[in-house]
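Chains as they are written, first to last, in this note's numbering: chain A, 1 to 382; chain U, 1001 to 1290.
Because the hints were derived from the structure by calculation, they are not lab data.
Selected chain A positions facing chain U (in silico; Cβ < 10 Å):
| hint | residue |
| --- | --- |
| 1 | Trp50 |
| 2 | Thr55 |
| 3 | Ala59 |
| 4 | Gln70 |
| 5 | Ala91 |
| 6 | Lys95 |
| 7 | Ala102 |
| 8 | Thr103 |
| 9 | Ile109 |
| 10 | Asn110 |
| 11 | Val111 |
| 12 | Ala128 |
| 13 | Gln135 |
| 14 | Asn136 |
| 15 | Pro148 |
| 16 | Gly196 |
Simulated DEER-style distance windows between Cβ atoms:
| hint | chain 1 | residue 1 | chain 2 | residue 2 | range |
| --- | --- | --- | --- | --- | --- |
| 17 | U | Arg1181 | A | Glu207 | 51 to 59 Å |
| 18 | U | Val1056 | A | Glu134 | 18 to 26 Å |
| 19 | U | Pro1120 | A | Val213 | 33 to 41 Å |
The beta-carbon is built from N, C-alpha and C at its ideal position, and this holds for glycine as well.
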Amino acid sequence: MRKLKFLGAMAAGLALFGAGCSFTPPGEKSVTEGSYVPKTADTSPIKIGWVGPLTGDAASVGKDALTAAQLAVEEVNAAGGINGRMLELVAEDGKCNPKDAATAGNKLINVDKVPAIVGTACSGEMMAIAPTAEQNKTIMVGYCASAPTVSAAGDYIFRTYPSDVLQSKFVAEYVYNTLGKKKVATLAVLGDWGTGLKNGFEQRFKELGGEVVSSQDYVQESRDLRTQLTKAKDSQPEILFFVGYTEASIAGLKQAKELGLNVSIIGGDAWDDTKIHANSFAEGIMYSVGAAPQYDLAWVEKLKQKGATTNVCVPRSYDNVKLLAEIMKRTGTDTAKIKDELYKVQGYQGIGGIVNMDSNGDNTSAQFQIKVVKNGKAEAAK
Amino acid sequence: MSAYFSQILILICIYAIVAGSLNLAFGYTGLVNLGHIAFFGLGAYTSAILTVEYQVPFMAAFFAAGAVAGVFGWVITAITSRLKGDYFALAALAFNFLAVAVFLNWISFTHGPLGIAGVPRPQIFGLKILSPEGYAAFAFLVMAAVFLFMRRLTASRYGRVLEAVRDDALGAEALGKNVFRLKCQCLVASTFCAGLAGSLFAHFIQFIDPYSFYLPDLIVALTILIVGGLASLKGSLAGALIIIIIPELLRFLPIPDHVVGPLRQAVYSAILIGILLVRPRGIFGKVDLE
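Okay, chain U solo, but in the shape it has when bound (with noise of 0.2 Å):
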């Protein structure tokens, strides 16, 4: 058993790092990153090609994930420095499709739509992580690095001028901020995390392929945020935990196998709009969605 709920657990860390560092941009800081899944799929590319075709140790590749996904991040907002709310929203998404395709059409650097199988176990300082239970130890590290590092960023004075840009762009502007470059870190940092996510993903999968960072799970990543709550990063939390246990705890149902899919599905969904009707702005959630 505690395999199984170890594996739960990863899921639940890499999930609560993906959406969490969504919040920052987009709950705290009012960017609607909907290309973030794109960023958690170049960690996973950048990770499982440094390992897998060059030998890199996992610790190099890890780090290179999360400074690849950065990279693109400063890209991103420096070619969409002009677009606000929706514009940006969909110029991100269309970062997204881009990155699938690049995944899918470079054959000799991705595998194309056959993907990258056998991504190593991480070995860090000579240490080779094999049980799922050491894995599941790993990634809360990380999950609890990460979210530290946003939580301080985000309870700072900083934290607070993310969240005027986010409010009111303008007046934050005319108190003398610099409201692109603060935009430009904070997607930064949001994307840097979200690669290292896809680092740990693809070396606990194991596997990866182009259609595993698309939308299906976008969907996931905001569901968790919005029913975490926007501006909140135990929301985030809180949502992972949910998100990710309600499904696995619906596996025990005794459901028909014939129906056993598409109720499940239904059950799920139930319960989401349950906790929405209840908690309108999600669990944890200080702001609105406009």
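The following block holds chain A by itself, in its conformation from the complex (with noise of 0.2 Å):
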């Protein structure tokens, strides 16, 4: 009986709880009457969302996310702020998994009632977040989210870094139309990078024509790929798109080669290491990679005094509350206003390159290059 006297005791108790939390002191104004609307003349500061992981695996990326995402605050506060409000970033740990970043947006969301959040870095604190945003009528803009899935999360939802689906055309185009392959096999890391990369060239490779002989997953940690890749050269492909990280790329093109798949391969963005072109059965390969545009200087010696350095996600995560706080100076907090302006955006020069919004929110400039390995260097192709 005492437990039963326990579970009422806890049922009241959160009642309760729950009662004095729905009370909403007067004057301001509950989430859920409509987004959120400043008083005229205000001068308090503008409170901005950032989720990204900054503890777990992914940690030392968010991190370097974090300061490039600070910097840009300090840049436009100390240029005199949102005419006059000084930006404030409220940083939450997503961690890199829907869970965490569920609750670390509903906390900013239902109670620092940010206007906008900069995050995801993750595909999957997106979507986790996202529902909730919409419904709140709560801007994000993703700064490495990159999961084809991010496009369709809702009208509220935008990224500046590009989906995988643009890469995976890309490369598709080069192989059917530039090298003139006709049938390709397919094998990528099961993650939602790799197997986005693997869906969206499948289907833009049989979309011109292509056949697809073969179609393989391996699993991240995975070093053995011998049955994939005897499949692979079982169905007689003209060339290999082999989606794979570092390590497991290393492993598997070497195998390649024992095995004797002598066919091209043709890989994702993730090539872009010098550890695998030093290999000599590296030698021939090719990759898509973003054509990044050299990043500005003094910018990177500003991130550097601050301990951080430039990886992949840190100039998507400064650009995005530079672009923020650009859009606010002209439409205020309200995030209706906010989000039609950043449909509009065309041609905004960021540290990360341009971005062209399309009506899916996602930038639709990233631009493309194939680089192919040769004498263990990586150079552009022709």
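Join these two chains into a complex; the hints should help.
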């Protein structure tokens, strides 16, 4: 009976807790009533949310990206803020997993009532926050989420980092049109990046009229790809599209040579790593890579002083803060207006390159190029 | 603010069910089920796939989630019937790896690593639960029902037999109890509840991917169980309350942005260690880990 009483007490406590919380102080607008609207001539700071992995496996990526966002906020504030109102960054740890990102986003949206969130880094984080953001009309601008699923996540959901679809389309067109290969075998690491690239590639390649003779996956930790490579070889492709991270790729390329799979091999942007190029068996491989502009050296130096390096997620974390600040100078913090302005963004020049938004809130301006490994070094393909 | 607290309450309810049902197997019956999160995941995937791909009504999908998890719970006891203690724990853990591998690789069915997005909010008898407050009320009802069921089970004579299995399986068998059948029934009940929690989770976050049901979540469930105490249902409730709320409270500590992630983790760990130093058996724990 004691336990039952305890349950009852818990229920009562939680009910009280809930009742207490549903009370909204006068003057403070509840989120459910509409988007956040500031009073006129307000000089209070504007809070902007930031979500990314600050602990866990992907923490190194997230920390540097956060530093870049902070740098952007400092610069905006030093230049007078948003019409006299200072920007304030509220960072939350999304840990690169949906559950933690959901609670982090929930806090930013419902407690800090931020008009916009710069984030996220991982696609899973993005997908977990998106429903709440959409319901509360909070803007999200992803800086590193590349999975194709993010495109359809909602009206208020944007990203400046290109979708994997763009890269996979580019590779498919290069293989079919430029190289003139019609039969391809695909082999990709399981994950939102690898699977996303593979699916996009296969779809575009078939549209062009090509044939996918074998389509296989492997797990990221796998270092023995002989089974998949033998199957790929048996299907007699003209070219192998091999998507993988560094370690598995080195093993796979070596095993492909050993098995006598003597066809051209083309890979994704993770192959832009000298550790792969230095191997004799990597001679002649091709890969696509973002034709990234040379980063502004003064910017790189500023980041360095703050102890951050420029990894792949850093430039867009910085750009997104700047982009939002620029738009808010025109629109204030009305999220519906910010959303409309974001859809109109064309030719915005950021550190990570130009931003052109399409109707899905995706950046379409990503430029890619193909590189070939020759004599242990990567060079641009002709 | 109420939306924020509602969402925390939802997570508390979900994890209370996960930890409470794990307690039923682990704390009461001594089945160290390290694969518990796999059943949570099975429930989430069942419910998500049924509602997204086959437009099955929520309530049907919700109970199907429990049923599928329960069936696999029976399968796992059947195939590990000769294993005891640590060996069972390892086999159960292997089942979790297996489940994640299936979620990852059965792409045509589970969408593989891209996960399932757009899991709808529940609709119960024509009433669509859209607000976080409504969902919190629903999750609380489910949790209360699950805990009442487990409470009745463990407080009964049947519950005491389960505890006898934990303390002395041979002795229980000598008294004519069918130990295997008891373990089987207990694990089915436990995994059924975990499956329900999985369904609640999928329809709350509205996006699931294979890595949501992996070791990090197992650690959360075990932490709740151990902080709350083994063989104590109110312990699991209190544990879920503490483990979910502490990180949320820490969000409001004035910590500089550049150390916010690591420092919160450190404070969180310190609090947990503190609790276990003061109460080594957990807050309401009755039995020791051997």
